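Q: These two chains come separately, so use the hints to put the complex back together.
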Amino acid sequence: MLDSALEVLRLQSRGEATAVEIAAKAIDKIEASQGSINAFTHVDRELALMAAEAVDQKRRNGEPLGPLAGVPVAVKDVLCTKDMPTTCSSNMLRGFRPPYDATVVEKLRQSDAVIVGKTNMDEFAMGASTETSAYGVTRNPWDTSRTPGGSSGGATACVAAGTVPLSLGTDTGGSIRQPAGFCGVTGLKPTYGRVSRYGLVAFASSLDQVGPIGWSVQDIALLLQCIAGYEPRDSTSLNLEVPDYQAVLQSIDMRGMKIGVLRNELDVDGVDDAVRDAVLSSIDIFRDAGAEMIEISLPHSSYWVPTYYVIAPSEASSNLSRYDGAHYGHRVPQLDPEKAESLGPLVATYCQSRAEGFGAEVKRRIMVGTYALSEGYADQYYNQALKARRLIKGDYDAAFSQVDLLLGPVSPTTAFRLGDKIDDPLQMYLCDLFTVGANLAGIPAISLPAGIDAAGLPLAIQLQAPPLAETRLLFAGAAYQAETDFHKLRPDNFGS
Amino acid sequence: MTLSDGYPTETIIGLEVHVQLKTQTKLFCSCSTQFGAPPNTQVCPVCLGLPGALPVMNEHAIDLAIQAGLAIDCSIPPMTKWDRKQYFYPDLPKGYQISQFDLPICADGFVKITDDNDPEKIRRIGIIRAHLEEDAGKSMHDEASGRSDSRIDLNRCGTPLLEIVSQPDLRSANEAKNYLTELKLRMTLLGVSDCEMQEGSLRVDANVNLHIDVNGEKIATPIAEIKNMNSFRAVEHAIEHEIDRQYDVWEETGKTIKDESKTTRGWDDATGKTFLQREKEESADYRYFPDPDLLPIRVPRERVDAAKASLGEMPAELCQRLQTQYGIKLYDANVIVNQGRELIEYFETAATTSGDGKRTSSWIQQDVMRTLNEKQIRIADFAVSADQLGELLQRVSRGDFDNARARDVFSHLIKNAGTVEDAVKALGIESVDSSEIETLCKELLDANPQVIDDVKSGKKQAVGSLIGQAKKKNPNANPKQVRETLLQLIEQA
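For the record, the sequence lines run as chains A and B. Residue 17 in the working numbering sits at position 17 of the first sequence; the count goes up by one each step and never skips. Residue 302 in the working numbering sits at position 302 of the second sequence; the count goes up by one each step and never skips.
Just so you know, these hints were derived from the structure itself, not from any lab. The reader is advised that the hints may include incorrect statements.
Stated by the list, open to error - Computed cross-link-like contacts, DSS-like style, restricted to lysine-lysine with a CA-CA straight-line distance of at most 25 Å:
| id | chain 1 | residue 1 | chain 2 | residue 2 |
| --- | --- | --- | --- | --- |
| 1 | B | Lys85 | A | Lys363 |
| 2 | B | Lys81 | A | Lys393 |
| 3 | A | Lys387 | B | Lys85 |
Claimed, not checked - If you want the ones that stay clear, here's a sample from chain B, every Cβ over 12 Å from chain A, calculated:
| id | residue |
| --- | --- |
| 4 | Arg84 |
| 5 | Asp248 |
| 6 | Ala284 |
| 7 | Asp293 |
Predicted, not measured: the structure shown is a model, and the values here were computed from it. From the three backbone atoms N, C-alpha and C, an ideal C-beta is built for every residue, glycine too.
If we strip away everything but chain B, and leave its shape as in the complex, we get (with noise of 0.2 Å):
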């Protein structure tokens, strides 16, 4: 990449994605993870941090936690265990965090993106290891109230979350959005989370540094930590101008990785800036050691194997599958797979109530697809399900009306919801009968013989004319069956 009169640049991209896991309880107790209770509603002696209290680790989060690994290539160790980092903060009340340091339970993945420039081309993106930990609860500052007062709410305290680490392989902001949808699609995939970023199940950090070429010498930027964003766009935004904002200051101070330690910034949405948080990245010692009130937890070989098997599909699978099954094309079946399983699961229905997944497929990623966007809704909360929405696209495959019409029955039923049948008797769509159509067509051609002529000397499309003064005569008459009809008499005349 090279800036407008500038250096060639090369940006480094390393993400750090926490991802919560979907269970019903937290890591160490049986407190719900449900989000959005009032808070300090869901804790326990084990999640404050009471005295006495002791974790037990819940199963459940491993099984996910192997699953995830598995879905971004990691190797599964068979020996995993806890360690304890420690630091003091207040939403933090045991004054540590229970993590994994030196034996994370996946290790040394990749994810497979497209090629920024050439999307024919894909690109490995490298794992360095997902490790599981316990959540700490929120910190709300309120210094409006003119004195700083801080509430803390701990419901969050001890949610499972799996931390991804990447190499430091990513080199734009768009590929970064690459590497996160297509994380994000695996696991949602999988069930393995949520990843709401609105609701912090997938939170992203970005280490950002650039290599400048001057004059054939590389010279690295010092590495920005970004913290904060919190969403998919705010990642893409915050790289991009961090991107330029470490060119200037190294246009204006000339300083490099050598004279200056990691920062951490935090990105400011509503300016669309990067902010200065913490100076000196002071190397934290965290004095990480094993934690004694838990066991190592030896992961066989069987039970790797068993969450292999309970993968499913992966998202190359399922485009190769939705292409063969529904005669896609490899294009189409990205874009709906991408969307993740919501949307895969209503193209299936729709497609196979409709029977003709190229229809179903072009129809959901423009009708369906603008009308969610319009209304910032998801597929679960759309008003025309997947069995109606295959039934409306059979009737068009099978003459009933066209698409026009179709779009009018599409709209009644995003505004009423309903059947299709509902909508065609509200509508007043009638499907007319064949000698009615046949009385018409012979009307119109009593009426306008020249066309007869001009179609036995060769020219078909002058029935065209006669099609549009049909639907006028009556808006029920299918033109499919108007121009048959028509060619039918003309041949017979």
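Extracted from the complex, chain A is given alone in its bound form (with noise of 0.2 Å):
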């Protein structure tokens, strides 16, 4: 029941299961699953039983419902809840609860969704693994000894583990679409200003966005009609209309769909080949399916993470810079006398808070922007990758002039162990190959799950659109769902 948000809706428009049933099933489930998944940073279950008392309140009496009535919902750590602790992840923000709600947030409630808690993450999102998260690790359903990626991993890892049929995650490199086909579940990366990140705590502005992720193409769609739209609070989001995504998905046929497969991806060094094979067999699907199937390359994808890796830090070193310790926040309890006397009071508040709030990831990504931003290094680093950034977008919509959607993997790997990479941040990026190249051109993008490896492991495709082409993306994943059973799959002791 709790690995669909269509059926969670059906049970109760029957009658066979109230919203309050529902909302309590959820929170035993993330209970029990918190020492071994640890999916979650902060559940609170008489919110939840609240807010799904007021939707059988509303059903008792006739009242119009939305359209996540009842429906638990799992919302990352790095969006602002009035009711709960934003934290990011981070010793900076222990405890911090904002006193407005991101305008998803808003939009859930608005949707009569039962917000179930917090999800857990990489700190401020920085990460591929969630390995960076002060609140400790989480771990992935399909196997306890490795990640579930990151850096959205308490989301994907929430829904993989059956507490909530929907979350919501964030992507700035691929945080949604790694975690998802590490964990096995569908996600979707929105166009840029699709989604309003009001109230999204920025890693990188230019990046950030806001997407679904779920079980079931069908039910990330019904997730992104309720958080999709223009929203002025946010200068960035944009002002058009949103088509109604599901009904894109009432007849699905995929004949006169040409798909451009990304075959040199396959052929990068560290793929797995079970990671290329899911991708093969996939082309064979779309193509039985009706989809014309042609080969194509973006040509400065090589340029996509070291492009990534300067704009993302250098946005985030500004975009971090208001945790001083001032304000709200860390800040150091006591100052060291020796730093006080030499950098006087004000300066040592700020080193030391920052040096206690933030881990090691963010620093060296504060550390590394900074650095790229400053006087002297700017042409050579940040203004170059601008340029870069640029030819990206370039290579994209030359190849969306020849086809409508682009297939390839979304991460080299499968899950890998806990501890493998963290300690070495190069091999950490590289988890981002194939997906950064979606945040620098702003565009769209869908990770599917596509078989279990010889390990056990989920295996993922990802398809990528134009700029605002979500129906196609949902259209397209609908349509590899209805030749596939992978997004059934569950993990072992799934229903326990």
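A: Printed below as a string of structure tokens:
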């Protein structure tokens, strides 16, 4: 039941379950899984039951119900919630309660969703394994010795563990798609500007985007419908009408659809054979469904990761300046007298508060970004990266003049073991090899479950589409899921 | 300029002026910009820099900036953008200020001022750029309480500022003052800013150094940037003091611009001296980069044209119109215009009612402005309304009473407000019937027959003594009327 939002809606409308019963079950499962999975930084049974009771009450009174009425939804801890802490899995914001809801959270409430808690993540969304969290690692429900991916590792693991049917993640360089792939669930990064960023604690403002995570394309289409749309409080949000995402899924026909296969990506060093095979076999599936498959390449793809790892840390170094211990968040309790003497109390407060509040990966990116923006270096790094970004966008424009969608892998590997890459940042950054392109170009992309490898770990494929063509991604994703059962595979002990 | 017993020097001054734009709400959020509210009551997640909050540009600030730029003859480029200027300070909660780096909203303008040495000549002071930025909050340091206690008020945080950067074209403290006066006049005439230095809606930083001519060789002293000046007078004095100080230091140490980088100095009104604030201006690296939360701004030609059309009269045009419309001299028009919009409006209303521009201009420049100065008030708070002054002066022109009587009425109005009519009654000034005047004059002529002879023999001024006597007998008698009646009676005699 807790692996389908549509099922949860059906059960309630048939009177077979109440929102309160469903919420209680979700919370029970979360609490039972916290010890082994640790997908959540905060769970609030009381709030969830109150929200669920309000839905039941509305239903009893015959009042109109929102599209997510009574559906338990988990929210990544980078999205502001006024009734729960918002920590970004950082000590810097331990216990921080924003005085306002992120727009997407407001929209969830307006849709009558039941928010059950906040999910664990890499600190400030910086990482690909949820290991940089200050609240402990999250474990992959398919194999608890492995990472769920990151940075939205909690958001995908909580779905894969069967605690909630839907969650909200954020994707700056692959942070929805890679963990969705590692956890065998479906995740979508919308077009930059499709979903409001108001209340999303910024990592890299020009790349961040909120997106839905669930088992099936139908479910995430439902959630996307609720969160998408223009919002005047975010100047970068697009003032364009939102299509009816569910309507496009009513009749699926891939005939006439042209899909470009990013064949080069499969030959990159370090791509698992199983990952390659999953993509290759998906080519046949799409072809059999009626799509025309052609090979295509994005000439500047080798610059994606270096470009990303200049732009994202540069913006991060600026966005994270506000955590200075002066206004909110962690402040050093006792100044080191020597530092207070040599630096003065103000600078010493900044230095010590930030030294204590931030973890190693966040500090590394702040330093990289500060360097890349510094006088004398900005031309070599930041400004150069902006030029590369324009070329990368140009590649996509050229490709989409030939094809409707791009097909390739999500990540070079399946879920790796916890601890394997945490001390090797460069290896960790290569997890983003195939995902950062969509962020740099601002285009939408989806990660779809594509089977299980010999080790029993989920495989995934990625589809990318031109700006605002989410409908095309959902359409093709639904076609793929109509032909395959990969999105119906569940980890062991799922039912328990 | 030559300092006494020193080498000839030239003073080089460039001003950075921050003008607070008169918007209802802040630059990137909808908080009020009202001055004087209790600390931290005009704040929201955006101007507090809370996690996840995003800025949304205030379109009105853009329009005001365009108007301000046009008023100082800047060009308005078709594209401008926002950049982040990054530094840590407790009154800057985001850790960066949203400002404009390489594409300011206004560029390359000028302001004309009269030459210091020759009032007939005009000097053109270049303006490099004018850019928009958000203000920071206020830090209040209370070190008197024994422990160094700092408090932060973020009400001002996010208030729109236009920073106007001049070329180093100014050559004296007086020119700096004239430039500021002209700038303030233009901004207040437009209504884009209040330009109240006391409230911080106009702030001035002055970059000053000297070029000393040592037997034909030009030596430049190190540049000092002077901050915290809170009046035009302070700017003038601070620059004057700085000129002397830099010359003295150069004489003492011989240090030139090559030996010392820019220093930052504060101004102390009490001691009348500038003082060192920061030794070496570390060429601070603000790591500017385009703000990814805000889109670049396209400024279409039509928007600039609309702003141009709404500018209204700038000072030169205003002076021209006051001259032709009210028949006053250029000098007088200048004095009135330089007082700003409120006084100009006061003059126009009074002059229209009185029907006598010259008389109104001279009364305003003397009686009205003197009173404003004495009382340290603004024309808006002046007890005599423009209509009443006009009414009073109209009666003077009509000959109802002379200037001396008019001043009595004016003084009465300043003390008691009310109308001219009330004042006239209160002072017991009654208009005297012409038959009454005739009777009075006849009596006086009968008593002083030699006056008739004097006048008839060509000494018209002889009637003067009778006018004085008439006033004594009847204080309400209008001297002009008495004089005319006397002359008439003498002619008939």
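Q: Next step is simple, just say for each hint if it's right about the structure.
A: To see whether the hints hold, each was checked on the structure:
Between Lys85 of chain B and Lys363 of chain A, the direct Cα distance comes to roughly 20 Å. Compliance with the 25 Å bound is thereby established for this hinted pair. As the CA atoms of Lys81 of chain B and Lys393 of chain A are separated by approximately 21 Å, the hinted pair is consistent with the 25 Å bound. Pair hint Lys387 of chain A plus Lys85 of chain B holds up; C-alpha atoms about 21 Å apart against a cutoff of 25 Å. Not every CB of chain A is more than 12 Å from the CB of Arg84 of chain B (nearest about 6 Å), against its label as outside the interface.
Once the 12 Å rule is applied to beta carbons, Asp248 of chain B is consistent with being away from chain A; the minimum gap is 32 Å. At the 12 Å boundary, the C-beta of Ala284 of chain B falls inside the reach of chain A, the nearest C-beta of that chain being 9 Å off. Here Asp293 of chain B does not stay apart from chain A, with its beta-carbon only about 5 Å from theirs, under the 12 Å limit.
The structure fails hints 4, 6 and 7 (numbered hints given earlier, in ascending order).
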